[in-house]
Each structure stands twice: as structure tokens, then as C-alpha cells.
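Enquirer: Both chains are sitting in their own frames, so use the hints and assemble them into the complex.
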Amino acid sequence: MNAPAGLDLASLPDRIQSEVQRAIQRSVKGVEYFASSGPSLGSTPKDILNVRGTMNLYHYRPQTDEIYRVPVLIVMATTNRGYILDLVPGQSFIEFLLTRGYDVYMLDWSAPRPEEKKLRMEDYVLDFIPDCVRHVQQDSGETDVSVIGYCFGGVLSLLYGSIFHDGPMKNLICFTTPIDFREMKLFSNFSDRRYFDVDHLVDSIGNVPPEMILSSFEMLRPASRAASQVQLWENIWNDEYVKSYRMFDRWATDTLPLAGEYFRAITKDLMWDNKLYDGTMSVGGRAADLANIKVPILHAVAEHDHIVPYDAAKHLIPKVGSEDKEEVMLKGGHVSLVAGANAIKRLWPKLDSWLGERST
Amino acid sequence: MADSTSDPLALWQKMIGEMEKGFNAFANQAMSSPQFSKAMNQASGATAGAQRQLSDLMEKYLLTMNLPSRAQMVGMSERLQSIEGQLNEIKALLLQMNAMSGITRDSIAATPRPPRTKRPPPASPGAQK
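Protein sequences appear in the order of chains E and W. 210 is the number of the first residue of the first sequence in the working numbering; add one for each residue after it. 24 is the number of the first residue of the second sequence in the working numbering; add one for each residue after it.
Isolated chain W (complex conformation) (with noise of 0.2 Å):
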């Protein structure tokens, strides 16, 4: 097997690391610094106030071309989430219903849950806690 000195590949890969490691710690370096930090929310505080009225816009514009709006998906989308609850609600109950008439979850499924009477292995002898 070439020695690492002499394989052209294992001396890219410890390039490639030694690269990495270097510029990552650089990059640290540079934005530990107050200035990156107010630089960077600088620059993502306008962007999220361009975002915002960009919602805007855009909700005239769909309005404008009687397409639904955000809001209106929103709404539908509660409404969505409001029957996927009544459903769960739903399933509860019946789960409860069969609790009551003596039918589990484990019998309609036909695979009876495990005893839970399993003990940990006896630790091998020498063995560290």
C-alpha cells in the first residue's frame, strides 16, 4: 500500500480537508463580529419587508383575477384541519366504544401486543457500568 506521502489522491483529499478546516475556521472568525451580525439582520430585515409586501401585492393581484386569495385558502385549510379533528374524534370514540364492549385494538388487529415482562440481560461479568 502507498504510504500517504507518496499517493497523489490521499494528499488531494488531505488538501481538500485541511481547505475545509481552514476556511471554516476563518469564516467563524469573520462572523463572530458584531459587524456580520448587524450587517447580516440588516440585509434579512429588508428582505423580510420586501416578502411582506410582496404578500401583498400579490393578494390584490389575485383578487384582481378573482382567484382565491391567501385568506381564503387559509380558511379552507382550517376548515380541512377542523375535519381531520372531528375525525380523530371520532376514531377515539369508537376505539373507547370497543374498550367498553370488551374489543380492543389488539383483537380487531389480530396481533396481540407482546407481555411486557422483559428484564434487562445479567451484565456480563467485568462488564462497566
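The following block holds chain E by itself, in its conformation from the complex (with noise of 0.2 Å):
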């Protein structure tokens, strides 16, 4: 009988060796995975300089004998916690920017609580961000600050960058921002004003629960998490893969619940009106047109972001009034563009080069 084409009969042995060998590996280091707490993430030493409710502005530690002149303030996503970016030593874009001189604040969140649901569009980018910058500029002692925004993040240092465009604000970053929502087809499409009654659900349940917000992530791509759980079997035997996968998913599912108010401006100024894109957006009365921005600006956009389409956020560099401005687009997908090894080797030095030389 023959051997099929292609089949290397004599490495068969050898084959079957190192598969039975890894069949024992899996039975093993799967009763590690259940048995041990994944790795220690965010620890990068801060001090935290404001807390109020749901918002947090730490403060990171330099590690460098000498900083640039301009602090940089990170504006996490609303939905996620922080330490994405701070994931543990050697893969982590917090200690990347320390290392490099960088002086680095975050204004991250926690989940708000109930009497939070009040929190409107207004708290956020006319209280509690310029909040954090008056405490980075206080505790630096700068007035310059450049700020760097992760998706919806990004949404909110536009929005603030748009209305107080007289500064502080002296560099802008964006991370997967949307401008056009519309090209956010999934997400448009479960919040059809149709069908979506969002006044009902914030009225009923105040804010909107993680569990809804992860729901709606995972049913973007609702294979991934069984598929994802299948490679991890197949790689349990490998150390490296299992620590990799441990902080993604820990992270992915730790998904903050929305403040009830901010979640019905959204759905209503952002979703159903895309206002952002069309020019018309405004926070507590006070326009905020994008054209407004003036200072230089960098967009990184992921090339198979399946959250924030290209289609989405093409439409940032062209709308912004800055002359200094330049998209770039790198190999990867919504997270593994700011985290991981790609970031490591693709965005986090793009960024060190063009922030490096706006910083002094």
C-alpha cells in the first residue's frame, strides 16, 4: 500500500513521539491552568493622584535619569480597564514610554456605581478629563500636556480636544478611534433606533451592565471564544502561549458596565446621529467640531480591526484642522495593535519616534 503524497513516512515515529508527548503535557499543565491565578498584570509602580467614583488618574514612576519636558495623560476606553496597556514587564506600553523618557499619567476607570448613572457626555469631557490634566499639569508643573487616547478614549480626547482647542493640549495620539459610526456596521445595526428603545433600557436598569457590553463585543465575532478555547487546549503544553492567553482573556472579559446617561448620549449623538462625522457634535451646549483641532496629531489604525472598521476611522486625519497630522495604519487587530508582540514591534516605536521629537 502506499504512503498519501506529502506524507514523510519516516519522520512518522518521531511525529507520533512528540505528540504523545505533548498529549501528557496538556493533561498536566491543564490541571495547572485551573489550580493557578494568572500573572500579575498592571504592576508597573504609579501613585494614584485623583479618584472621584469611576474616575482614577495615576500617576507612573520614572525610570529614566531624565524625562522629556511634556507629560503625556493615556485616556483609557470606557468600557476597559487601563492595565491593557500595562500588561507585565517586557510587554508592557506603560514601561515602553518610561523607559523612553516619557513622563506618564493615566486617567483610567472603575466601574461606576449606581448613583452614577447619572454621569452624562458632559462629566466626562468637561469635568473629569480637564480635571486630570489641571492635576498632571499641577503635579508636573507643565502646562504643555500631550494626550493619548484607546478607542473610545480616543472619542473623548477628540471631543475635549475639539472644545478647549485653546489648550492645554499640546500633541494629540489616538488609538482605533471611530468617527463615523455608521461604518460600525454590527454595532448599528443592534442599535437600530428602529428597534433599540435605549430611553426604556437606561430607565429600567440605570447603567448598562459589562455583561451587555461584552456580549455585544463577542457577538462581533461569535466563533472566536469557542475557537480560542481549542487552540488553547492544543497549546496548553506551551508556557509562553498560556501566560499570553491568560492576560487577553482576563482582560477581554473584564468589561466595565457604561454609565446610563453617557450610554444614552452615545447611542442617541453617536449611533443614530453620527454627529461626530457629520460636524454637528456637542457636549453641554459647547460645539465641538472636530476642525477645531489644531495640534499635531497621530492616528493609529489597525489593519484588521473588527471593533473599529478602517471604514470607521479613516475620516479622523482628514477632519481635524491640525497641519501636523499623519494616520498610519499597522498589521493587527483592535487590541494586538497596543498590546502584545506586534505593538512591541510596530506601534510603540512609531509612537516613541513621533511623540519623541513634539515632547521637549
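Worth flagging that the hints you see were computed from the coordinates, not collected in a lab. Being a predicted model, the structure only gives us computed values, none of them experimental. Any given hint could be a false lead.
[What the hints assert, rightly or not] Computed cross-link-like contacts, SDA-like style, restricted to lysine to any residue with a CA-CA straight-line distance of at most 20 Å: (1) E:K394 to W:N64; (2) E:K327 to W:S78; (3) E:K452 to E:Q300; (4) W:K114 to W:L103; (5) E:K484 to E:R391; (6) W:K141 to E:R278; (7) E:K477 to E:E331; (8) E:K452 to E:A435; (9) W:K61 to E:W481; (10) E:K534 to E:D498; (11) W:K114 to E:E331; (12) W:K141 to E:F373; (13) W:K37 to E:A432; (14) E:K477 to E:L395; (15) E:K394 to W:R136; (16) E:K255 to W:R136; (17) E:K484 to E:P558; (18) W:K141 to E:R567; (19) W:K114 to E:K394.
Expert: Structure below.
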């Protein structure tokens, strides 16, 4: 009987032996997986500068002998925890910035409490961000501040920058930031105004629960969770794979609830009326036109972003009023753009070279 | 090294990858329809309504059991929040007083901040911006 084309019979015993060893390793490591906790995340040394309900402002301790003049404030997305940017040593964006000589602050969010269901877009854009910028100025002794916004943190940073266009924001960097919400096709369909009664939802339950936010993200790729668990089992003998899986899985499922009124405003102003794209957005009666932004701006987008597709993000650079502006498209997805092996090789060095020369 | 056409593990992984892509694409297409949106939102609307009714019922039940109601717990949480706020104000005031007396946060921590003198490294020849 002939071997099938391409099958190397000579290597078959080695292959079988290797697979048997892996099967044993899977059983051993599989038990370890359930018996142990995951890696400790977000452990770069930091101090709390300001806490007010859902708002947390951290300052990371500098790690170099001299730092750039302009401090950096990172504004995290309101749906997720900021430790995605500070996973573990060697895979931490924060640590990377610190070792490159930046003075780093982060505006991170904790779950809004039931009584914070009344927080509006105004509270985030006209209160929380300006308050944090003031604390950064006070703590650093510098007037200028560079802002980095990730995903919806980018939207909040844009709204802030377009309203407070006279300063003190010196540079703006956005990661995977949506502008045209109609192009977020599935989210747009989920929140179709003919069927989605956002008033009923918010009036009934107050804050939008994290399970609902997580489900809407997972529905974008409904088979991926099951497939990733199959891949985990296949690679459970590989400590590095398991460590990486646990970090990202923990972060992805650690979704935050959204304050009810804030969610109502996002749905009506952005998902339904697409006001940021149309240039009609206002917050607390103050016009938030992207054309008002004149500071240097870098927008990093991911080639395979299934949450914020390129068609939703591509309008940012044409719409801002800055002369010094750049869009960079990098390989990766919505999360791997900013964290993980891809980010270390691609985004972080690009950001460092762009921001360094604008931070003196 | 066995090529991917003869490696059963590679074939299995490829099959899983293709199945994932195929199912995701199929589901995305199905979820793009207005009918899906309608059905999904009817279901979640009913859930939200039920959740509210359950919440009201629980409130009455807790009252009967002489246990603190949600509103009372929220009230306590608000008081705690107010205490937290006042602590933050006291902290800020102490820092201000320290600053006025010449003692800075850095000197308290005995870790002076590095000077803000860093310059970007010179671009290597031929490097693209």
C-alpha cells in the first residue's frame, strides 16, 4: 500500500512521539491552569493622584535619569480597564514609555456605581478630563500636556480637544478611534433606532451592565471564543502561549458597565445621529467640531480591526484642522495594535519617534 | 519538517481556523439584517423590563425581612463617597500647605523627580520619519 502524497513515513515515529509528549504535557498543564492564578497585571509602580467615583488618575514613577519636558496623559476607553497598556514587564506600553523617558499619567476608569448612572457625556468631557489635565499640570509643573486616547478614550480626547482648542493639549495621539459610527456596521444594526429603545433600557436598569457590553463585543465574532479555547487546549503545553492567553482573556472579559446617561448620549448622538462625523456634535451646549483641533495629531489604526473598522476610523485625519497630522495603518487587530508582540515591534517604536520630537 | 499538507495537526488547526472564519462570516451576515435587530432588541427589552420588576419585588421582600434596602445601601455608598471626597480634599490641602512651607511631595518621598531635559535621540542616517 502506498503512502499518501506528501506524507513522510520516516518522520512519522518522531511525530507520534512528540504528539504523545504534548498530550501528557496538556494533561499536566491543564491541571496547573485551573489550579493557578494568571500573571499579575498592571504592576508598574504608580501613585494615585486623584480618585472621584469612576475616575482614577495615576502617575507612573519615572524610570530614567531625565524625562521629556511634556508629560503624557493616557485616556482609557470607558468600556475596559487600563491594564491592557500595562500587562507584564517586557509587554507593557507604560513601561516602554517610561524607559524611553516619558512622564506618564493615566486616566483609568472603575465601574460606575449605581448612583453614577446620571453621569453624562458632559461629566466625562467637560469635567473628568479637564480635571485630570489640571492635576497633571500641577503635579508635573508643566503647562503643556500630550494626550493619548485608546478607542473610545480617543473619542473623548477628540471631544475634549475640539472644545478646549486653546490649550493646554500640545499633541494628540489616537489609537483605533471611530468617527463614522455608521461604518461600525453590526453595532449600528444592534442599536437600530427602530428597534432599540435606549430610553427604556436606561430608565429600567440604570447603568448598562458589563455582560451586555461584553456580549455585544463577542457577537462581532461569535465563533472566536470557542475557537480560542480549542487553540488554548492545543497549546496548553506552551507556557508562553498560556500566559499570553490568560492576560488577554482576563482583560477582554473584565468589561466595565457604562453609566446610563452617558450610554444614552453615545447611542443617540453618535450611533444614531453620527454627529461626530457630521460635525454637529456638541457637549453641554459647546460645539465639538473636529476642525477646531489644530495640534499635531497621530492616528494609529489596525489593518484587521473588527471592532472599529478602517472605514469608521479613516475620517479622523481629514477632518481635524491640524497641519501636522499623520495616519499610520499597522498590521494587527483592535487589541494587538496596542498590546502584545505586534505592538512591541510596530506601534510603540513608531509612537516613540513621533512623540519624542514633539515633547521637548 | 513535515509539510502542512501531510501534518494532521496543521490540517486540524487550518480546519479550525477556516471553520471559525466561515461561521463568523455567516453569523455577521445574519446579524446584519433588520429582522435580527428587531428580535434581539425585543428580547433584551423584555429582559430589562423583567429585571426592573424583579428589582421592585426584591426591594419589598428586603423591607419585609427587615434588611437594608438597595436605596439605603446606595445612601451609605454616597456617604462613603462623600467621605472619600473630603479625604482627597484634606490630602490636597496638606500638599498645598507643604508646598507653601517649601516641602515638596518629592522631598517627602525622598525621590526627586528627574529633570525634564530629555531630547529625542538623533535620527539615524537614512531613517524614514
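Enquirer: Each of the hints needs a verdict: does it hold here or not?
Expert: Hints, one by one, checked against the model:
1. E:K394 to W:N64: 16 Å, holds
2. E:K327 to W:S78: Cα-Cα ~19 Å, so holds.
3. E:K452 to E:Q300: 12 Å, holds
4. W:K114 to W:L103: Judged against 20 Å, a Cα distance of about 16 Å means the pair holds.
5. E:K484 to E:R391: The hint holds at about 11 Å.
6. W:K141 to E:R278: Distance of about 7 Å is within 20 Å: holds.
7. E:K477 to E:E331: 14 Å, holds
8. E:K452 to E:A435: Holds, because 18 Å separates the two Cα atoms, which is no more than 20 Å.
9. W:K61 to E:W481: Holds - the C-alpha atoms of E:W481 and W:K61 are around 16 Å apart, at most 20 Å.
10. E:K534 to E:D498: 16 Å, holds
11. W:K114 to E:E331: Violated: W:K114 and E:E331 sit about 27 Å apart, past 20 Å.
12. W:K141 to E:F373: Roughly 28 Å between the alpha carbons, so the hint for W:K141 and E:F373 is violated.
13. W:K37 to E:A432: 15 Å, holds
14. E:K477 to E:L395: 16 Å, holds
15. E:K394 to W:R136: The given pair, whose Cα atoms are some 47 Å apart, is violated under the 20 Å limit.
16. E:K255 to W:R136: Since the Cα atoms of E:K255 and W:R136 sit roughly 13 Å apart, the hinted pair holds (cutoff 20 Å).
17. E:K484 to E:P558: 34 Å, violated
18. W:K141 to E:R567: Between W:K141 and E:R567 the Cα gap is close to 12 Å, so the pair holds against 20 Å.
19. W:K114 to E:K394: Between W:K114 and E:K394 the Cα gap is close to 47 Å, so the pair fails against 20 Å, i.e. violated.
Figure legend: structure checked against the earlier numbered hints; hints not met, in rising order: 11, 12, 15, 17, 19.
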